[in-house]
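Participant: These protein sequence lines are chains A and B, in that order.
All the letters of the first sequence, read from the start, carry residue numbers 0 to 366 under our numbering.
All the letters of the second sequence, read from the start, carry residue numbers 0 to 366 under our numbering.
If you are wondering where the hints come from, they were derived from the structure by calculation, not from laboratory data.
This one's a predicted model, so the numbers in the text were calculated from it and none came from an experiment.
Please note that a few of the clues may not be correct.
Calculated Cβ distances over 10 Å to all of chain B for the following chain A residues [claimed, not checked]:
no., residue
1, Gly56
2, Ala204
3, Ala236
4, Phe249
5, Asp283
6, Asn330
With a cut-off of at most 20 Å between alpha-carbon atoms, the simulated EDC-like pairs for lysine to aspartate or glutamate come out as follows [as the list claims (entries may be wrong)]:
no., chain 1, residue 1, chain 2, residue 2
7, B, Lys245, A, Asp16
8, B, Lys38, B, Glu135
9, A, Lys245, B, Asp286
10, A, Lys38, A, Asp80
11, A, Lys237, A, Asp80
12, B, Lys229, A, Asp286
13, A, Lys229, B, Asp286
14, B, Lys245, A, Asp286
15, B, Lys245, A, Glu289
16, B, Lys237, B, Asp250
17, A, Lys75, A, Asp130
18, B, Lys229, A, Glu289
19, A, Lys229, A, Asp312
20, A, Lys245, B, Glu289
21, A, Lys245, B, Asp16
22, A, Lys229, B, Glu289
23, B, Lys75, B, Glu289
24, A, Lys75, A, Asp358
We put the CB at the ideal spot given by N, CA and C, even for glycine.
There are 2 protein chains.
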Amino acid sequence: MPAAHNLLTLPDPLPLDGGGVLERAEIAFETYGELAPDKSNAILICHALTGDQYVAGAHPVTGKPGWWERMVGPGKPVDTDRFHVICPNVIGSCMGSTGPASPGPNGAPLAMRFPVITIRDMVRGAIALLDALGIEQLHGVVGGSMGGMQALSLAANWPGRAARVLAIATTARHSAQNIAFHEVGRQAIMADPGWNGGEYYAGAAPAAGLAVARMAAHITYLSEDGLTEKFGRNLQAKADGTAGAKSFGFDADFQVESYLRHQGSGFTKRFDANSYLYITRAMDYFDLAEEHGGLLAEAFAGAGARFCVVSFDSDWLYPTAESRHLVHALNAAGAPVSFVELSAPHGHDSFLLEVPALDRVVAGFLG
Amino acid sequence: MPAAHNLLTLPDPLPLDGGGVLERAEIAFETYGELAPDKSNAILICHALTGDQYVAGAHPVTGKPGWWERMVGPGKPVDTDRFHVICPNVIGSCMGSTGPASPGPNGAPLAMRFPVITIRDMVRGAIALLDALGIEQLHGVVGGSMGGMQALSLAANWPGRAARVLAIATTARHSAQNIAFHEVGRQAIMADPGWNGGEYYAGAAPAAGLAVARMAAHITYLSEDGLTEKFGRNLQAKADGTAGAKSFGFDADFQVESYLRHQGSGFTKRFDANSYLYITRAMDYFDLAEEHGGLLAEAFAGAGARFCVVSFDSDWLYPTAESRHLVHALNAAGAPVSFVELSAPHGHDSFLLEVPALDRVVAGFLG
Numbered sequence: 000m001p002a003a004h005n006l007l008t009l010p011d012p013l014p015l016d017g018g019g020v021l022e023r024a025e026i027a028f029e030t031y032g033e034l035a036p037d038k039s040n041a042i043l044i045c046h047a048l049t050g051d052q053y054v055a056g057a058h059p060v061t062g063k064p065g066w067w068e069r070m071v072g073p074g075k076p077v078d079t080d081r082f083h084v085i086c087p088n089v090i091g092s093c094m095g096s097t098g099p100a101s102p103g104p105n106g107a108p109l110a111m112r113f114p115v116i117t118i119r120d121m122v123r124g125a126i127a128l129l130d131a132l133g134i135e136q137l138h139g140v141v142g143g144s145m146g147g148m149q150a151l152s153l154a155a156n157w158p159g160r161a162a163r164v165l166a167i168a169t170t171a172r173h174s175a176q177n178i179a180f181h182e183v184g185r186q187a188i189m190a191d192p193g194w195n196g197g198e199y200y201a202g203a204a205p206a207a208g209l210a211v212a213r214m215a216a217h218i219t220y221l222s223e224d225g226l227t228e229k230f231g232r233n234l235q236a237k238a239d240g241t242a243g244a245k246s247f248g249f250d251a252d253f254q255v256e257s258y259l260r261h262q263g264s265g266f267t268k269r270f271d272a273n274s275y276l277y278i279t280r281a282m283d284y285f286d287l288a289e290e291h292g293g294l295l296a297e298a299f300a301g302a303g304a305r306f307c308v309v310s311f312d313s314d315w316l317y318p319t320a321e322s323r324h325l326v327h328a329l330n331a332a333g334a335p336v337s338f339v340e341l342s343a344p345h346g347h348d349s350f351l352l353e354v355p356a357l358d359r360v361v362a363g364f365l366g
Numbered sequence: 000m001p002a003a004h005n006l007l008t009l010p011d012p013l014p015l016d017g018g019g020v021l022e023r024a025e026i027a028f029e030t031y032g033e034l035a036p037d038k039s040n041a042i043l044i045c046h047a048l049t050g051d052q053y054v055a056g057a058h059p060v061t062g063k064p065g066w067w068e069r070m071v072g073p074g075k076p077v078d079t080d081r082f083h084v085i086c087p088n089v090i091g092s093c094m095g096s097t098g099p100a101s102p103g104p105n106g107a108p109l110a111m112r113f114p115v116i117t118i119r120d121m122v123r124g125a126i127a128l129l130d131a132l133g134i135e136q137l138h139g140v141v142g143g144s145m146g147g148m149q150a151l152s153l154a155a156n157w158p159g160r161a162a163r164v165l166a167i168a169t170t171a172r173h174s175a176q177n178i179a180f181h182e183v184g185r186q187a188i189m190a191d192p193g194w195n196g197g198e199y200y201a202g203a204a205p206a207a208g209l210a211v212a213r214m215a216a217h218i219t220y221l222s223e224d225g226l227t228e229k230f231g232r233n234l235q236a237k238a239d240g241t242a243g244a245k246s247f248g249f250d251a252d253f254q255v256e257s258y259l260r261h262q263g264s265g266f267t268k269r270f271d272a273n274s275y276l277y278i279t280r281a282m283d284y285f286d287l288a289e290e291h292g293g294l295l296a297e298a299f300a301g302a303g304a305r306f307c308v309v310s311f312d313s314d315w316l317y318p319t320a321e322s323r324h325l326v327h328a329l330n331a332a333g334a335p336v337s338f339v340e341l342s343a344p345h346g347h348d349s350f351l352l353e354v355p356a357l358d359r360v361v362a363g364f365l366g
């Protein structure tokens, strides 16, 4: 794991939904913007499955810009001239927070001895970080995709802790299709002999399996129309620059094949396969209603926050129907909520991409 | 490969779109019902990606009923009391027709020395079979999914050869998303060390990779609503019969996980991984317009057949928009065509399942 800029070792054991505890868990995090003397201007940003704490600063492994630089920064919709942004790496991940790649008691990586965690466990880690930072109430908690699940979990389980909850392109529970796609990815990783029951840190990682998992997942992040517009059936240009042609072989003839292979192999350079297993499991376990007696409205009974829910019309991973289901529950709980379905061509990934209407919603809601 | 009931060795070399020929290609096929003395009552049924010639008779490997027994048989919509049904195994497949598992000149399986084929090549094999059987004109050609592609290819490239063309849950070209899902499957197979560049026939097959490929594909065959209705977030009952619970591990906790694993592993017992590579490639190459100067209507300019196009509202693999595109082209070509979108909850697989409205359409169209 790369050295994290900021690392907090939690003073107390972190209890987990699975029954165990994490002793001396570490939370890696980044902050942007000044914290007001009264600590009233903090915004917690929660990252998605393969995200990290580098929301608005260069990624130390890839050197690429932060994953939400277009949204977070001075003068941006999440304005770091006004807000103090905190973005932790979730536990179970691999960018500095405690996860399966972290050393166990004997110094070797925990690997599959790391306990299975939940979305609520991730938030419990973030709450412990806020406690350590002395931040009583957040101005807001913001997240897209799995980040949105964390935002909802925080609102439901730590009522009063956030004044505003902004959940983007997300769901209150993983559907059968969501679980199915994740299971394909996990099986791809576990089928790779390099995975070796999770014990690969001293040798070759299961890069081929992880790449296949990423490829399958990546299709679900894009819309069919977006794929057609971006690639259609265009053939890959040849190495000598001439126009592409069918090879009548198994090379990446189509641009979309080449793109997917690139997405898959690039991902393996920055992400830990065991983390992928643990985090997808946490997402599959996510069902906010189930945590609260089977009734989603109960989850938000005492939330005491304002909510904003955003979906995208081309998102088929967490389609608008999931947001509508969530909004009905918030309404039933009497929570103040605004809800908007934005039109954007990029599918689920729209929350990360150029969608000016989203900028206006985020800036307006955070006030 | 299991012994095929009926096997024809083609007397002439079979020319291929990729430029080569298949010498002494074999076509395995099944027939059902009597051929009329004037040979006017023949119906060609084309199978889908993982289908075979056992459309209405028990599968010799699995012992399961034919894949379309509900549609084909005495008194069924494709009535074998009246029609002579011919169903060939496509070349490239693994149920008796020449494919990558077939022996090459030195007796060893061809493996990746088998040439890359196209949908039109598959139909060329079927046409050679019809020639050998002395069948000049088909009463009809019928197919769902890849079978529909073959039916359309036959109509476009062998005008007059079929009087009726029934294309169900299919498309005139593979989309970027279709290609992307297939590429994930191919990469999963090729990532399995057991694949060994295709040379696995003497040893262990790439079962793990093929199972992952099948799992990913299987999700695309079902609708999200269908998955939710069938599985939702239901947990798998324990081995002792007690109600399921989250294991906080990586077992198949959810029924949908268990179902997918079962689909994946079962498939590897009856299908050849190299065939999966070749057939998915043929489907990805399929673009009927491209074969005919870029204009789909041109493909059907001289077809001289009646067409019936059927889509399902829950099919997101080949959605109704693809059928509509096809029907527009048929209209532009002046071909007589009827088009219906049926409502069915099962997604793409609806063409194989209990959809009484489809039975009526098939029976009515075949007359």
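Participant: Give me the numbers of the hints this structure contradicts, sorted from smallest to largest.
Facilitator: 4, 5, 11, 17, 23
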